[in-house]
Amino acid sequence: MSGSDILVADGLVAGYGEMQILHGISIRVAPGEIVTVIGPNGCGKSTLLKTLVGVIHPTAGKISLAGHDITNTATRERLRAGLGYVPQVRNVFATMTTEENLRMGLVAVPGPVRERQDAVRKILPTLGDYWSATAGRLSGGQQQIVALGRALMASPKVLLLDEPSAGLSPKATDEVFGHIRTISSEGGVSVVLVEQNAHKALAISDRCYVLAEGRNRLDGIAVSIASNPEVGRIYLGAGDGAEKP
Amino acid sequence: MTAYLVAILIFAVIYGFVALGLNIQWGLTGLINLGQVAFFAVGAYCAALTTQAGLPLLPALVLAALVSGSLGGAVALFTPRLREDYLAIVTLGFSEFVRLIFLNEKWLAGGPDGIAGIPRPVTIPGLDSETSFLVIAAVLLAVAFWFSQRLAHFPIGRTLRAIREDETVVASIGKPTLTYKTLAFVLGAALAGIGGALFASYLTYISPDMFGPNVSIYVLAAVLLGRQGSTLGTLAGTAVVAVLLEGTRLLKDYITVVDGVQLAALRLMALGLALMIIVAVRYGPGRRA
Ligand SMILES: Nc1ncnc2c1ncn2[C@@H]1O[C@H](COP(=O)(O)OP(=O)(O)OP(=O)(O)O)[C@@H](O)[C@H]1O
Ligand SMILES: [Mg+2]
Chain A
22 MSGSDILVAD GLVAGYGEMQ ILHGISIRVA PGEIVTVIGP NGCGKSTLLK TLVGVIHPTA
82 GKISLAGHDI TNTATRERLR AGLGYVPQVR NVFATMTTEE NLRMGLVAVP GPVRERQDAV
142 RKILPTLGDY WSATAGRLSG GQQQIVALGR ALMASPKVLL LDEPSAGLSP KATDEVFGHI
202 RTISSEGGVS VVLVEQNAHK ALAISDRCYV LAEGRNRLDG IAVSIASNPE VGRIYLGAGD
262 GAEKP
Chain B
814 MTAYLVAILI FAVIYGFVAL GLNIQWGLTG LINLGQVAFF AVGAYCAALT TQAGLPLLPA
874 LVLAALVSGS LGGAVALFTP RLREDYLAIV TLGFSEFVRL IFLNEKWLAG GPDGIAGIPR
934 PVTIPGLDSE TSFLVIAAVL LAVAFWFSQR LAHFPIGRTL RAIREDETVV ASIGKPTLTY
994 KTLAFVLGAA LAGIGGALFA SYLTYISPDM FGPNVSIYVL AAVLLGRQGS TLGTLAGTAV
1054 VAVLLEGTRL LKDYITVVDG VQLAALRLMA LGLALMIIVA VRYGPGRRA
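One line per chain: the protein sequences are A and B, in this order.
Residues in the first sequence are numbered consecutively from 22, following my numbering.
Residues in the second sequence are numbered consecutively from 814, following my numbering.
Chain B on its own, in the form it takes in the complex (with noise of 0.2 Å):
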């Protein structure tokens, strides 16, 4: 039970630190992303093929956000203008793209076998393994968590509020808004990459299928229920997201009603009823948009 509260919580974590890279890109910038999942692949990938090499965790998920950060980037540049439509559009088909390549290439990452036998080269005395990482990729996640509420805070922060808001009053005052949203997009990818390259190391066995378009819309979720742009409340939004999703895999045991797939797609059904319950409430008649 406790094991698996512990499990419950890295998850939690893991996606903390997507949900906030997501946050700096649509909650702050406004930039809407749909692929998330393909930093978060990329950085899974990389600190899988870096640390089985050899590279210890901290270099490795340095190295992840380097990856994805820059992927990011390349994403933002090939995208006109960082339009929301196109990226919309962009950003999903980037992401089926990366996890074919994954899946494809098996020289590169293994194929539809994935990676296994990732070292989780962590280790506080005194304590387990998974306790240990949950413990790191906490502090690791409150150093993410201080960063994105600097960002949001300072003279940079609200640029990216402000083109949120009306990109056409930043340019106005002579702002390069396009550098602007790139650095937020760039920001937020590799933010993933982190998040990424903690769960393949968690997990010690990735494979292309845990890297689907769902990842991304989890993310999505997590970062609408904790109000869009609000660094603590995207925070709370991925714990709401990770027990919807993780927890109810306890029930499991107790509910003999339902099989593990019926139980698969209550959880979605879940999540989607909680989004639709926030979205009302707060959005709903009567409220300001």
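Bound-form chain A, shown alone (with noise of 0.2 Å):
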């Protein structure tokens, strides 16, 4: 199916200066798909979405978005190509309200902002109960979902999300996760998911790749994951779910 894929990165070296983080990293994503990335702290999962989205740069490897290559390309041109990225905590405009967040997902893919806003209320109909609200002053699960909304105005092929569940309750995780589903499967959105929360995180996924320091450790169906002891005992922590601490 590796012709279908929608996003393919191959062998990604990355870092941050003289510091390089990611080893050769390669992920693919067919359409629709959601993919779980999991792996110990600080393996390289954030780096590896800010490399995809173009926060930073590879310095060997190739992405690709719909069978064009986007290795060299800004962000900006990434997401207007169909690329969405929601950074780990701490991802919306605190001074600015759900409504002004949202508008700020059209920044560099200009459309038609009410229109865009009303397609996504539809697929986030809790928004609109914070509508107004000054974002920073939202719960936590709140702001995910602001964060989410920002992403879809400018209507992703590919979702990027980090760590979505960082911080959030049991209740709020499973109903940000089930606004996760219902883009995937309603909008046809492929997601990939990093997580630390991973037995959530597989339950809502196609596949997974696992990763250890900066490198490709496992991959396949989510259920397999799920259920290989190699995994349960290095990544998921003590049996259910290596919550952070």
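Simulated from the structure, these hints should not be mistaken for lab results.
Among these hints, one or two may not hold up.
Derived DSBU-like pairs (lysine-lysine); straight-line CA-CA distance at most 35 Å [unchecked claim]: (1) Lys-988(B) - Lys-143(A); (2) Lys-988(B) - Lys-178(A); (3) Lys-192(A) - Lys-988(B); (4) Lys-221(A) - Lys-988(B); (5) Lys-143(A) - Lys-178(A).
Two chains, each in its own frame: build the complex with the hints.
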């Protein structure tokens, strides 16, 4: 199915200045698929997403989106080409309202604000409950949904989500994951989901990559990764979910 | 006494430009700059040389802003991704580099002797030279203040503030954060250049020893005192620093138990103490950072 994959990253080498964090990571995402990326703290999951969206640039490797090489393009171009990205924690414009945050989603990809906002509110109806509230004052779960909404404004084909459950209660996590599943199944959007909360993430995923120290360690369909004892031992911590301390 | 007050006010106004500049860089955008004195010095030398060559003050100020701003742009471009840790080192090193150039390149800037006989080409009819200068400088500062305020509240200012909060979020929507940060750095350097130009014109004499790292620290203190990010607070902070630094000179005539050198040390202690109290009150236990 490699020919039909929407996002393909091959042998990515990247880092910060002199410090190399990714030592040749490869992942592929098919249309409409939810792919989870797990791995221990500091193994480079966030760095991988930043490289995919062009916040940092790889020194080797290749990234293509819908068949086009985007390796050397700026974030702006990648957003236009159909990538959406929600960074890890503190991912809203805290001094802006929900409405203004969504507006920011069109900065690089101009479009009709009202129409897009209405479309996003159809997918994430709860946004209406805090539409005019200052994003910085919202709960963690609400902020995640605002950030999701902002990324959806540009009608992405692939959404890169960095630990959307970080710091959330189990109930809020379920709500956010429910939204992610809806976005994928109803909107046909592919999702790359970086998560610490591996069990819950795997439950809504099709496939999974396990990273360690900036390298691919394992990959496979979500159910088999979830039941793989090696993964359980090394990456899922003491059995149930391995949430952040 | 009045003349002395006017002098303190003029210094406060001059440092106001430098601090407003730092506030755009550090307060608004989060770019640390430990060498703001470099852009102040370049503005001063630029104005000294050009006004001596006959250029009127206003164009000299514009030129100083352009030259200092461009230099700020160069520093920004040479600092990888304008990262905090690199910036701290680069700006500090750069400011000493600039001072040493002025100190050693006699042909350019008079070397250790500096430049004397800089014109102060402003007079308002009916006012003495000092008061005229104060009025004009204060009007210019008001313009700079207005500009800073607008900047902070325009979309660009919100973007800069968002960059300070978390750069990745701004990058995630496709805004070129590096360009924004560079722009903030350039604007801050340009404002410092204007301050430097006024400084040279007011004193009519400048020399490299006036541009040591302590100037950068005073300005950092002013921005910190004024609550990082607030334009009005920055000016208030500058006033406090100016009074602590310059005002205490006044005590020299009244206090006889300490000599001049000791008084200078006391001045710095007073500034340090004021900073410690402010930081303890504002960010101490039980406050949110
Ligand atoms: N901006 C940065 N500059 C320098 N080093 C960084 C930067 N961001 C992350 N790192 C380093 O890169 C490594 C990988 O970080 P990364 O954030 O990608 O890990 P992660 O897998 O997302 O971890 P976590 O589960 O804690 O989110 C870490 O050692 C981290 O310290
Ligand atoms: Mg991470």
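Cross-check of the supplied hints:
Annotation: proposed proximity of Lys-988(B) to Lys-143(A) holds, straight-line Cα distance about 27 Å (limit 35 Å). Distance hint between Lys-988(B) and Lys-178(A) is fulfilled; the C-alpha atoms sit about 20 Å from each other, no more than 35 Å. Between Lys-192(A) and Lys-988(B), the direct Cα distance comes to roughly 33 Å. Compliance with the 35 Å bound is thereby established for this hinted pair. Straight-line distance between C-alpha atoms of Lys-221(A) and Lys-988(B) comes to about 33 Å, which keeps the hinted pair within the 35 Å bound.
Using a Cα cut-off of 35 Å, the hinted pair Lys-143(A) and Lys-178(A) holds, with the two alpha carbons roughly 18 Å apart.
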